Amino acid sequence: MKIPSECKAFGVLTAVIFAGSFIAGFFVPSIKTWLGLAFGIWFYFFVPGYTLLLLLDLDNIERSIFAFPTGAIMTSLMLYVFNLVGIALTTASVIAAIVIVTVIPLFFWLRKRKHSSRATSSAQ
Amino acid sequence: MRGMERWEVIAVIVLSLAAFVLMVFPFVKDLNSEVIPISLTYDNFYHPSMAKAVHDTQQNSVYAPYRVLGIKDALLADPPLPYSIPATVSMITGVPVYNMFAILVALFQIFMCLGVYAIARKYFNPVMAVFALAIALIPATYAWLFQYIIGFSTSLEAFAFVPMILFLTMHLYDKKSLLASVLIGAALSVQMMIHGPIECGYVYLFISGAMGIMWWRTRKPWLVKSWLAMSVSAAILGGYQFYLLNILRLSGENIAGTLFAGNPIPGYFPQPPIGWLLLALTVVGGIVLLLRLVQRKAPAAQATVVLFILMMIGISLSFVIGVDGSRTMRQYYNAYPFLVLVPAAGIYALSRLIKPRLSEGVVRLLEIGIVAVVLYLSFSPTYAELNGVAGSAMATPQRWQVLQWVKQNTPADSRVFYLYGFDHEFEMLAERVSLKGDMNLVFTQKNVVSLCNQQYPETYAGQWGAAFSVKPGSVNGTVEYPVYKSFLNYPFATLYRPGTTTPIATVNDEVPLSAVDYVVFQYQGSQVDPCMAYFINQSESRGSKVVWKNDQFAVMEVAK
Numbered sequence: 001m002k003i004p005s006e007c008k009a010f011g012v013l014t015a016v017i018f019a020g021s022f023i024a025g026f027f028v029p030s031i032k033t034w035l036g037l038a039f040g041i042w043f044y045f046f047v048p049g050y051t052l053l054l055l056l057d058l059d060n061i062e063r064s065i066f067a068f069p070t071g072a073i074m075t076s077l078m079l080y081v082f083n084l085v086g087i088a089l090t091t092a093s094v095i096a097a098i099v100i101v102t103v104i105p106l107f108f109w110l111r112k113r114k115h116s117s118r119a120t121s122s123a124q
Numbered sequence: 001m002r003g004m005e006r007w008e009v010i011a012v013i014v015l016s017l018a019a020f021v022l023m024v025f026p027f028v029k030d031l032n033s034e035v036i037p038i039s040l041t042y043d044n045f046y047h048p049s050m051a052k053a054v055h056d057t058q059q060n061s062v063y064a065p066y067r068v069l070g071i072k073d074a075l076l077a078d079p080p081l082p083y084s085i086p087a088t089v090s091m092i093t094g095v096p097v098y099n100m101f102a103i104l105v106a107l108f109q110i111f112m113c114l115g116v117y118a119i120a121r122k123y124f125n126p127v128m129a130v131f132a133l134a135i136a137l138i139p140a141t142y143a144w145l146f147q148y149i150i151g152f153s154t155s156l157e158a159f160a161f162v163p164m165i166l167f168l169t170m171h172l173y174d175k176k177s178l179l180a181s182v183l184i185g186a187a188l189s190v191q192m193m194i195h196g197p198i199e200c201g202y203v204y205l206f207i208s209g210a211m212g213i214m215w216w217r218t219r220k221p222w223l224v225k226s227w228l229a230m231s232v233s234a235a236i237l238g239g240y241q242f243y244l245l246n247i248l249r250l251s252g253e254n255i256a257g258t259l260f261a262g263n264p265i266p267g268y269f270p271q272p273p274i275g276w277l278l279l280a281l282t283v284v285g286g287i288v289l290l291l292r293l294v295q296r297k298a299p300a301a302q303a304t305v306v307l308f309i310l311m312m313i314g315i316s317l318s319f320v321i322g323v324d325g326s327r328t329m330r331q332y333y334n335a336y337p338f339l340v341l342v343p344a345a346g347i348y349a350l351s352r353l354i355k356p357r358l359s360e361g362v363v364r365l366l367e368i369g370i371v372a373v374v375l376y377l378s379f380s381p382t383y384a385e386l387n388g389v390a391g392s393a394m395a396t397p398q399r400w401q402v403l404q405w406v407k408q409n410t411p412a413d414s415r416v417f418y419l420y421g422f423d424h425e426f427e428m429l430a431e432r433v434s435l436k437g438d439m440n441l442v443f444t445q446k447n448v449v450s451l452c453n454q455q456y457p458e459t460y461a462g463q464w465g466a467a468f469s470v471k472p473g474s475v476n477g478t479v480e481y482p483v484y485k486s487f488l489n490y491p492f493a494t495l496y497r498p499g500t501t502t503p504i505a506t507v508n509d510e511v512p513l514s515a516v517d518y519v520v521f522q523y524q525g526s527q528v529d530p531c532m533a534y535f536i537n538q539s540e541s542r543g544s545k546v547v548w549k550n551d552q553f554a555v556m557e558v559a560k
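Chains as they are written, first to last, in our numbering: chain X, 1 to 124; chain W, 1 to 560.
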C-alpha cells in the first residue's frame with residue numbers, strides 16, 4: 001500500500017518535534033518531562049491542526065507550519081464550548097476535545113481520498 | 001524534495017529550534033518548578049496566575065474567588081483563552097502552568113515568524129523568506145524581549161494568528177475555499193478571545209477591505225460568499241466575547257476614551273535601536289517593494305502583504321495623531337516578523353544586482369554573509385539583555401517561601417493583608433483574598449509612616465482588591481470595579497451587589513486589623529526594620545502572634 005505524502009510529511013513533522021524537544025531535553029531534569037512536553041504540544045496543536053488542514057490544498061511545509069495556530073484555534077474553541085455547557089476542564093475532557101476536532105476532519109479527508117481514488121480508477 | 005529546498009527546510013528547523021532554546025531557557029531554569037519564571041512586571045504575574053486559576057478550578061467562566069473579594073461566581077470578563085490554553089496544555093504535558101505559559105509565548109512567536117516565512121516563500125521568494133525568518137527569529141533587542149519585559153504576551157499571541165489569516169486570504173484568491181473563509185473567521189474570534197478587539201479589529205477591517213477591492217475589480221460572487229462565511233464564523237464566538245468585554249464590562253465611551261486619550265508612548269516602553277545595516281537594507285527593500293506596488297508589477301498576494309506592512313507602520317505611528325501610544329507602539333513589536341520582509345527584500349534585490357557579474361555560489365555566500373552580519377549586530381545586545389533580564393527576577397527565594405507557606409497553611413477563604421515589602425502581584429500567587437498593601441500606592445504608605453512614627457494605627461489603609469482594572473470611576477477618586485454574576489447562573493449577567501446598593505468594588509478603605517486573618521510583611525533586609533519591629537511588638541501585645549517567619553518575612557495571625 002502506498003503511503004500518502006501528507007502522512008509521510010506528518011511523520012517527518014512528528015520526528016522534528018520530538019527530536020527538537022530532545023534539544024530542550026538538555027535543559028530539563030528528566031526524559032519523562034521532555035517527552036511529556038513534546039507529546040503534549042504535538043497532540044494538542046499539531047494533530048488536530050494538521051488533520052483539518054488536510055482538507056485545504058496546501059503543500060506539506062505550509063500545512064506543517066499552520067498546523068500549530070490551527071490546532072490552537074480548534075482545540076481551544078472546542079474546550080471553551082465544553083466549559084460553556086458545564087464540562088470541567090480536565091485531562092479527560094481535553095483529550096476528548098482533541099479527539100473530536102481531529103476525527104471529524106479526518107473522516108472528511110478519508111472520504112475525499114476515497115472519492116478521488118475512485119474517480120482516478122474509473123478514468124483509467 | 002530538491003537539494004535547495006532541503007537546505008531551506010534544514011535552515012528553517014535549525015533557526016526555529018535555536019530561537020526556542022534562546023527564548024525559553026534563559027528564563028525557565030527548571031521545567032518542573034512551580035515558580036513563575038519571569039517576574040519583572042505586573043502582566044508577567046497576572047497572566048500566568050490567571051492560567052493557574054483556570055487550571056486549578058477547571059473552568060474559564062468565572063474568576064477564582066480570591067481575585068474578586070471572595071465571590072464564588074463572578075463572571076470572567078477577561079478574554080479567557082490566554083489562560084485556558086496554557087492551563088489545558090499543562091494538563092496534557094504535565095509541565096507546571098507557569099512554565100507552560102512562558103513556553104507557549106515562545107512557541108506562538110516562533111510560529112508567527114514561520115507563518116510569515118510561509119507567506120514570503122510562496123508569494124515572494126523562498127531564499128528571501130529564509131532571510132526574513134532569520135532576522136525575525138533573532139531580532140533586535142527589544143522587539144524580542146518586549147513580551148518578557150513589559151509582559152504583553154496576550155497581544156503577541158493574538159497577533160500570532162495574523163500570518164495564517166493573511167495566508168488563507170491569499171489562498172482564497174487562488175482556490176475559492178469556503179473552509180478557508182470559515183477558518184479565517186474562527187481565527188478572528190480566537191484573537192478576540194485572546195486580546196479583545198484590538199488585533200482582530202484591524203485585521204478584520206483589512207481582510208474585508210482586501211476582499212472588497214478584489215470584488216470591485218473582478219465582481220466574483222464567491223468573494224461575497226467568502227466574506228459572509230468569515231464574518232459569521234467570527235461573530236459566533238467572537239461576538240459573544242465582544243459583548244462580554246466591551247458592552248458588559250466596558251462602555252462604548254470608555255473604548256473610545258481609552259483609544260483616543262492622547263496618551264504618549266509610556267516611558268517604560270523600550271525604544272528599539274535599529275542598526276545602520278538593517279536600516280540601509282530596509283530603505284533598499286522598501287524602494288523595491290513600493291516600486292513594484294506603484295508600477296502594478298506586484299501580484300495580488302504581494303500587494304496584499306505590502307499594504308498590510310504599510311498599515312502596520314501607520315498603526316504603529318498613529319500615536320502622533322492622539323491614539324493611545326501604549327496600544328499603537330506594541331503593534332510595532334507585534335508586526336516585526338512582517339516588517340523584516342522589507343530588509344530581506346533589500347538583501348535579495350542587491351544580490352540580484354550583482355548576480356550577472358558573479359557566480360551563483362559567490363552570490364549566495366554574499367547573501368548569507370550580509371544576513372550573518374545583521375544577525376550578529378542584533379544578537380549581541382539581545383543576548384546581553386536576555387542574561388540581564390533572566391538574572392533580575394523580582395521574586396526572591398524568601399518571597400516564594402512565604403508565599404508557599406501562606407498557600408499551604410492558611411484556609412483557602414482567609415483574608416490576607418500584605419502590609420509592607422510586597423507588591424500587589426503577590427495576592428495572585430498566594431491565592432488568597434487580600435487587602436492590598438502595595439507600597440507603590442501613596443494611599444497605603446500612611447500605614448508604614450504611622451508605624452515608623454511609633455503610632456499603632458487603629459485602622460489600616462488598604463485597597464480591597466479585585467485585581468482587574470475596568471472602569472475609572474469617581475468614588476472618592478478611587479477606581480470602581482463592577483463584578484458580574486456568572487451568566488451560567490443568571491441569564492443576563494446582572495450586576496452582582498450582594499446586600500448592598502453599591503457595586504462590589506476595589507475601594508480604598510481603612511479597616512481595623514481584625515478585618516483580616518493574616519498579615520504578611522518584610523521585617524528584615526540588611527538589618528531589622530524598626531517600623532516593622534514596632535508593629536510586631538504592638539500587635540503581639542494585643543494578642544496577635546507571629547506564626548511563621550524566615551530571615552526576611554513574617555506571617556502574623558491576627559487576634560479577633
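It should be emphasised that the hints constitute simulated quantities derived from the structure, not laboratory data.
Careful: at least some of the hints might be erroneous.
[What the hints assert, rightly or not] Quick look at which bits of chain X chain W covers, simulated, 3 or more residues with Cβ under 8 angstroms:
1. 12-23
2. 62-73
3. 84-93
[Said to hold, decoys possible] Just the calculated beta-carbon pair ranges, DEER-fashion:
4. X:Asp-57 to W:Gly-212: 21 to 27 angstroms
5. W:Asp-413 to X:Phe-107: 45 to 51 angstroms
6. W:Ile-213 to X:Asp-59: 23 to 29 angstroms
7. W:Gln-295 to X:Lys-32: 38 to 44 angstroms
8. W:Gly-322 to X:Phe-107: 51 to 57 angstroms
9. X:Ile-100 to W:Leu-290: 46 to 52 angstroms
10. X:Ala-92 to W:Gln-527: 29 to 35 angstroms
11. X:Asp-59 to W:Gly-361: 38 to 44 angstroms
12. W:Pro-126 to X:Lys-8: 17 to 23 angstroms
13. X:Pro-4 to W:Tyr-383: 39 to 45 angstroms
14. W:Lys-176 to X:Phe-107: 20 to 26 angstroms
15. X:Ile-100 to W:Ile-368: 35 to 41 angstroms
16. W:Ser-33 to X:Asp-59: 36 to 42 angstroms
17. W:Leu-358 to X:Ala-96: 57 to 63 angstroms
No experiment lies behind these values; they were computed from the predicted model shown.
All residues carry an ideal CB built from backbone N, CA and C; glycine is no exception.
Could one say that the CB atoms of X:Ala-92 and W:Gln-527 fall in the range 29 to 35 angstroms? The hint (29 to 35 angstroms, Cβ to Cβ) is violated, given that X:Ala-92 and W:Gln-527 are roughly 54 angstroms apart.
Could you check the hint for me, namely that X:Pro-4 and W:Tyr-383 are 39 to 45 angstroms apart, CB to CB? Between X:Pro-4 and W:Tyr-383, where Cβ atoms are some 43 angstroms apart, the hint holds.
Given the hint of 20 to 26 angstroms, check if W:Lys-176 and X:Phe-107 actually sit that far apart at their C-beta atoms. Since W:Lys-176 and X:Phe-107 have Cβ atoms about 23 angstroms apart, the given range 20 to 26 angstroms holds.
Against chain W, does the region 12-23 of chain X show at least 3 residues with beta-carbon separation below 8 angstroms? holds (count 3)
Please check whether W:Gly-322 and X:Phe-107 have a Cβ separation lying inside 51 to 57 angstroms. 52 angstroms, holds
Counting residues of the region 84-93 of chain X that have a beta-carbon nearer than 8 angstroms to any beta-carbon of chain W, does the count reach 3? The restraint on the region 84-93 of chain X holds, since 6 of its residues have a Cβ under 8 angstroms from chain W and three suffice.
Using the Cβ atoms, figure out if W:Pro-126 sits within 17 to 23 angstroms of X:Lys-8. 21 angstroms, holds
Check of the region 62-73 of chain X against chain W for coverage (Cβ-Cβ below 8 angstroms, three residues minimum): holds (count 8)
Do W:Gln-295 and X:Lys-32 keep their Cβ atoms within the hinted range of 38 to 44 angstroms? The hint (38 to 44 angstroms, Cβ to Cβ) is violated, given that W:Gln-295 and X:Lys-32 are roughly 59 angstroms apart.
For the hint 21 to 27 angstroms, verify it against the beta carbon of X:Asp-57 and that of W:Gly-212. For X:Asp-57 and W:Gly-212 the Cβ distance comes to about 24 angstroms; the hint holds.
Range hint 46 to 52 angstroms (beta carbons of X:Ile-100 and W:Leu-290) holds or violated: 47 angstroms, holds
Could you tell me whether the CB distance from W:Ile-213 to X:Asp-59 stays inside 23 to 29 angstroms? Because 27 angstroms falls inside the window, the suggested range holds.
In terms of the numbered hints stated before, the structure departs from hints 7, 10, 11 and 15, listed from lowest to highest.
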